[in-house]
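Take the given structure of chain R and dock chains C and D to it, following the hints.
Chains as they are written, first to last, in my numbering: chain R, -5 to 116; chain C, 20 to 500; chain D, 74 to 184.
To be clear, the hints were calculated from the coordinates, so they are not data collected in a lab. One or more of the hints may lead you astray.
To be verified - The calculated SDA-like cross-link candidates involving lysine to any residue, where the alpha carbons are at most 20 angstroms apart (straight line), are:
(1) K110(R) <-> I47(C)
(2) K109(R) <-> A51(C)
(3) K109(R) <-> L45(C)
(4) K87(R) <-> N25(C)
(5) K106(D) <-> M247(C)
(6) K110(R) <-> A42(C)
(7) K80(C) <-> L24(C)
(8) K109(R) <-> M247(C)
(9) K109(R) <-> Q53(C)
(10) K110(R) <-> A51(C)
(11) K106(D) <-> L118(D)
(12) K121(C) <-> L118(D)
(13) K80(C) <-> Q492(C)
(14) K110(R) <-> Q53(C)
(15) K110(R) <-> L45(C)
(16) K109(R) <-> Y28(C)
(17) K109(R) <-> K121(C)
(18) K121(C) <-> A107(R)
(19) K56(C) <-> K87(R)
(20) K121(C) <-> A166(D)
(21) K121(C) <-> W108(R)
(22) K56(C) <-> I43(C)
(23) K87(R) <-> I43(C)
(24) K87(R) <-> L45(C)
(25) K373(C) <-> P387(C)
(26) K121(C) <-> K106(D)
Chain by chain, the residues run as shown.
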Amino acid sequence: MQVLLDNYVAVLLAGVIGFILVGSALIGSRLLAPYSSSRQKETSYECGMVPAAAPIRSQIHIRYYLFAILFLIFDVEAVFLFPWAVTFLSVGKAAFYEMVLFIAVLGGGLAYAWKKGVLQWK
Amino acid sequence: MSNELNLDYTLLTPEFCLAGLAAIVLGIDLFAPQVRKEWLPYITAAGLIGILGLSLGWVEKESDFAGIIAVDNYTTFFRVFFLATAAVVVLMSAQFVRDRLKNPGEYYALLVVSTIGAIYMAASRELLTAYISLEVLSFSLYVLVSFARMDPRSNEGGLKYMLLGAFASALLLYGLSFIYGSAGSTFYSDIAAAYAGGTESFDLALLMGLVLLLAGLGFKVAAVPFHMWTPDAYEGAPLPITAYLSATSKIAGFALLLRLFSSAFMPVIDDWQWMFAALAALTMVLGNLVALQQSNIKRLLAYSSIGQVGYMLMAIAALSSGTASALLLHMSGYVVTNLAAFSCIIAWYNLTDKEEIADMRGMAERAPLLAAALTAALFSLSGMPLFAGFFTKFILFQAVADEGFLWLAVIAVVMSFVSLYYYLMVIKELYISKPEEEGRLQVPLSVTGLTAALAAGVFYVGIFPRHLFEVAQEATNLLFV
Amino acid sequence: MSIVLLAARVDLEHVLIVGAVLFAIGLYVALSKRNAVAVLMGIELMLNAVNLTFIAFARFVESPRPLDGHVFVIFVITVAAAEAAVALALAVAVYRHRETIDVGKISLLRW
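Excised from the complex, chain R in its bound form (with noise of 0.2 angstroms):
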């Protein structure tokens, strides 16, 4: 712990350093040269063309939201086979049958929501 601790120092030592520098050029030149704004130059800047009229938070459509609850529970399932894939030779061959009824219940789950037309973009 101490030793990997230690060699971080390095590290630290050039993270300090570089924000000094980036800041202290950043200060300085908004010190040292002359500064004028007009409302053309507040605009953002996208590659010389002026900026595109629509809204810039483009909603995304509720029925995506189906699909993000989906792969959440399919993504977060996986946390359980991990631990599982570790003490499966010790635990056996219960452990196969117990993920296997797991994987089941949850396939059951989206056959269920499936025949049930649920994932129909309509």
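Below, chains C and D without anything else, positioned relative to chain R:
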């Protein structure tokens, strides 16, 4: 350690059957749409009763699954208790769901699944298992409360219930993490062993853990000041789910509390006794006083059930084998009574679409049997002699007083008289006020049968409390060894 | 910049303090925000604080069963995910009716 684990899956047969039943119900809903409307509730109820019979096979057995789930008399008592409650609620729902709700399969399947959670809350002997069971019950209830998708009140009640419930489980979990840190284990028996010699000095982690645990579980059983969700969820939920909330959700919370505190935290009783006593007093007083000014029957019963929670919390404050069995008896009486009351209210709502107290006027003329059963139930809730409420309250208050909490028992008695007032206001509407419309209402035979059976149960517990009391004693005597 | 400070061991207290701060932030968000989804985010933050606390205790406290804390965390993660799924579904349902998920404005029922 892992070699000595008792992995006897047969101990969990009733719950496996329940999961299977839920799958069957969903399957019928999916593949046989003609069957589902008329027969689904009866198939579900028959399955629940069958599993209830099956679980009687574990009477007087004592064993556990891998040290995390106990199968003893206490578990068996609550298996029977929750299965019977679920069966009654399913039967009460039959007409309501057919007329008003979509997706009956999911409705009944969720009820069955929530029963598994409730049973394991009573059975678990380890904090993680207890927590997961609690969430199984809670999640099913969140969905069930907001099941009337077309009714904005239902969605709203569901969302509020869900957010506050999730908040409460976060508090509960933070408390559990401190208890784990303080005791070094999540098993009830290890926790008790860790504190057996008494804590050396002031154990802040334990105290914080207990406070947070109490706040989290206080939410789940709706103890004041953690009761804000109760009236909203009760009013928003479909009526049979309101009945279910007031019965299973509450009792499961107490089943968990009772086993947890008697088998894990008994050595540090001085640290938490006062918290429960204060909570009990506050809950009794506030629940009953706020109930006085309610105009909706669901909200009235919500606040009256909060008052009842206060009585039950007294038993945890004065925890001993005497109060534990008195608590089980009182909970049984309370649930039978509450289900009887709700079965009348649901029948009335099915016939008239009304749930305000003022709209119940003249029920005695239009549906005399419903009015009589509702009156019996309300008298029992207030604790009149002859009805279930009297004896169960009497035994409970006496047991609490015997443990040195006379002041709590006195508050409880006073509050029982207060509650009599608002129950009488309802009864007045039923009998004295003139009905808005004339004519007898035709109550379906099945509803009449169920209501009569529940009302008979109210009288049975009231007149022969000894039978149930002996069962309750059998169920709790292993908790205190 | 003292190297001694950097080399100091991370102790139980440090992790617990981070956990407590995280929990307090989550608590503040959950109680102060009016938007249902923001409330949910606060609750998720509280759950993560719980996870941190569990891991810390599992790492530092002498226990006959050191893995219990880790197992607890795995389950809390999944429960949190399920919680998000159910709560968002309910929020969508409410939004369809009311065009808002401001918990202050959702007031057909008295709070």
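Evaluation of the provided hints:
1. K110(R) <-> I47(C): 13 angstroms, holds
2. K109(R) <-> A51(C): 13 angstroms, holds
3. K109(R) <-> L45(C): 11 angstroms, holds
4. K87(R) <-> N25(C): 16 angstroms, holds
5. K106(D) <-> M247(C): 17 angstroms, holds
6. K110(R) <-> A42(C): 15 angstroms, holds
7. K80(C) <-> L24(C): Given that 20 angstroms is the threshold and the Cα spacing comes to 18 angstroms, the pair holds.
8. K109(R) <-> M247(C): With Cα atoms ~39 angstroms apart, K109(R) and M247(C) exceed 20 angstroms; violated.
9. K109(R) <-> Q53(C): 17 angstroms, holds
10. K110(R) <-> A51(C): 13 angstroms, holds
11. K106(D) <-> L118(D): 14 angstroms, holds
12. K121(C) <-> L118(D): Violated: K121(C) and L118(D) sit about 35 angstroms apart, past 20 angstroms.
13. K80(C) <-> Q492(C): 15 angstroms, holds
14. K110(R) <-> Q53(C): 16 angstroms, holds
15. K110(R) <-> L45(C): 11 angstroms, holds
16. K109(R) <-> Y28(C): 32 angstroms, violated
17. K109(R) <-> K121(C): Between K109(R) and K121(C) the Cα gap is close to 16 angstroms, so the pair holds against 20 angstroms.
18. K121(C) <-> A107(R): 15 angstroms, holds
19. K56(C) <-> K87(R): 42 angstroms, violated
20. K121(C) <-> A166(D): 15 angstroms, holds
21. K121(C) <-> W108(R): Satisfied, since the Cα-Cα distance of roughly 18 angstroms is no more than 20 angstroms.
22. K56(C) <-> I43(C): 15 angstroms, holds
23. K87(R) <-> I43(C): 28 angstroms, violated
24. K87(R) <-> L45(C): Not OK: K87(R) and L45(C) at ~30 angstroms, beyond 20 angstroms, violated.
25. K373(C) <-> P387(C): 17 angstroms, holds
26. K121(C) <-> K106(D): 33 angstroms, violated
In terms of the numbered hints stated before, the structure departs from hints 8, 12, 16, 19, 23, 24 and 26, listed from lowest to highest.
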